[in-house]
Amino acid sequence: MQALYAQLLVGLINGSFYALLSLGLAVIFGMLNIINFAHGALYMMGAFVAYFLLNLGGISYWWALLLAPIIVGIFGMILERTMLQWLTGLDHLYGLLLTFGIALIVQGVFQNYFGSSGLPYAIPDQLKGGMNLGFMFLPIYRGWVVVFSLVVCLATWFLIEKTQLGAYLRAATENPTLVRAFGINVPRMITLTYGLGVGLAALAGVLSAPINQVRPLMGADLIIVVFAVVVIGGMGSIMGSIITGFALGVIEGLTKYFYPEASNTVVFVLMVLVLLVKPTGLTGRAA
Amino acid sequence: MPDTAIAEAPARAASGGNILQVRNLEAWYGESHILHGIDFDVNAGEVVTLLGRNGAGKTTTLKSIMGIIGKRSGSVKFNNQEIIRATSDRIARMGIAFCPEERGIFASLDVRENLMLPPVVREGGLPLDQIFDLFPNLKERLSSQGTKLSGGEQQMLAIARILRTGASFLMLDEPTEGLAPVIIQQIGHTIARLKKEGFTILLVEQNFRFASTVADRYYVVEHGKIIDGFSNAELAANMDKLHTYLGV
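Chains A and B are the protein sequences, given in the same order. Counting from 1, one number per residue, gives the positions in the first sequence under our numbering. Counting from 1001, one number per residue, gives the positions in the second sequence under our numbering.
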């Protein structure tokens, strides 16, 4: 039983990263209509920024949780202003190709300087150790990642679904021309939305650094699974991304326990099934 | 009719001088040249109606004033400020509000969110209780999804939300299209009341009977140009001409 709970926890942790990343992708797709293939590279940048802050500036993990998303978010906003904004109105394919190219360049630059092996990032002192829950041993840091990710995901959902700013975002997703004619600076809102989505990816990168080490290809490995999660959940659905992210992490974890051979493919098998039955995803809208 | 006739169209300003001045306005959708030099004026406190057949360029005129047509040229002055090169968000913040023909109710927003969506651009907007006084149906449907409302209620919502903003110049594009007579009458009362409140309204209408109940002046648009203009008092004398213009 201990092994089952351990795999469930691993599943929840992976699910946290899936949820944070697919949430960012959903926000970006909803507003910019861009399938952001650079998301994995920006997640990796988040981890690297945390690494640099600690090793070059002595800035702790806690500050990195705040600063890395802001720094990478600003980098993302520069990308949007200088490149992505010119793709407005074009086919999805152009955005996908451009962001794929950006991902290759960013990853290539980091690989050139840091190789492919992982750089260590220590768990902060306050989150070291574990707790015996009786039925399993819970490493505190891993529990923190799950809880914090869930809080961030729900806060993002609240922002988009329940606030005036979120109403602007949802309305601009439907009819940006009219929203702009109401006096709202939609181009600026698009830039900030891309910054928000990218910031979520960077935050996931910081959370991941102590667990998975900091590697130039850490995003490339993850992003393929995350895209499968997004396809299953449905592109553009906020709550769908969160629920599907956590659920698929858990399903992956359970598969590792019951049938380990299928654990790397179960998400893709589910993706195929969903595409066959409901091509827009479980909760998504038509692209 | 030459432009001189338009200049002669009486400007019966209820409460002030020229608020909108459009000169030689041209507009394009991609390669299609839609407006070929539109000239007209709107005075403060007036209800001015653009009449014309389908495809004449009425809606494009409103969209060009609002800055939501990709390519436009000429001159549009609002309160003596040139806005032909301004972005639509800036134009809205100057006090022009637009209610589109398709109403533009957002499906992902409930009625309250739709109502509160346009930001307040200046003081003087109608408070919510006055808006609910004008449109009591909306108050009962605040938590419904915007697009679940009936056509008439959606039109009321589309008008209501721009009254909150403080914009004093309203552009309404075919507000009666597809609505039942009783709702059309209600919208007519609303426009008359808004005029009393001091709003200036530029209306696009195909429903000439409706327009005649609310308008101070008319301009006739054909092939992307203003071909005639007259006041409500001159309407009876111009009826034959108008029937020819509108093909009714």
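The hints are simulated quantities; they were obtained by calculation from the structure and are not laboratory data. All residues carry an ideal CB built from backbone N, CA and C; glycine is no exception. Certain hints may be false.
[Stated by the list, open to error] Facing chain A, from chain B, some residues (calculated, C-beta under 7 Å):
(1) Tyr1029
(2) Met1066
(3) Gly1070
(4) Ser1088
(5) Ala1092
(6) Glu1101
(7) Ser1108
(8) Leu1109
(9) Glu1113
(10) Pro1118
(11) Pro1119
(12) Val1121
(13) Ile1183
(14) Lys1196
(15) Phe1208
(16) Leu1246
[Said to hold, decoys possible] Think about it this way: if two alpha-carbon atoms lie no more than 25 Å apart in a straight line, the pair counts; the simulated BS3-like pairs of lysine-lysine are:
(17) B:Lys1225 with B:Lys1077
(18) B:Lys1195 with A:Lys162
(19) A:Lys162 with B:Lys1148
(20) B:Lys1071 with B:Lys1225
How the hints compare with the structure:
1. Tyr1029: Given a least distance of 13 Å, the restraint on tyrosine 1029 of chain B is violated.
2. Met1066: Since the shortest Cβ distance to chain A is 5 Å, the answer is holds.
3. Gly1070: Since chain A brings no Cβ nearer than about 10 Å to glycine 1070 of chain B, farther than 7 Å, the hint is violated.
4. Ser1088: Result: holds, 4 Å to nearest chain A Cβ.
5. Ala1092: holds (3 Å)
6. Glu1101: violated (11 Å)
7. Ser1108: Given a least distance of 4 Å, the restraint on serine 1108 of chain B holds.
8. Leu1109: Check passed: Cβ of leucine 1109 of chain B comes within 6 Å of chain A, closer than 7 Å.
9. Glu1113: Since the shortest Cβ distance to chain A is 5 Å, the answer is holds.
10. Pro1118: holds (4 Å)
11. Pro1119: holds (5 Å)
12. Val1121: holds (5 Å)
13. Ile1183: At about 22 Å, which exceeds the 7 Å cut-off, the nearest Cβ of chain A leaves the hint on isoleucine 1183 of chain B violated.
14. Lys1196: Cβ of lysine 1196 of chain B sits 25 Å from chain A, so the hint is violated.
15. Phe1208: This interface hint is violated because 27 Å lies over the 7 Å limit.
16. Leu1246: Since the shortest Cβ distance to chain A is 28 Å, the answer is violated.
17. B:Lys1225 with B:Lys1077: This hinted pair holds, its Cα atoms lying about 18 Å apart.
18. B:Lys1195 with A:Lys162: violated (35 Å)
19. A:Lys162 with B:Lys1148: Between lysine 162 of chain A and lysine 1148 of chain B the Cα gap is close to 19 Å, so the pair holds against 25 Å.
20. B:Lys1071 with B:Lys1225: OK: lysine 1071 of chain B and lysine 1225 of chain B at ~17 Å, within 25 Å.
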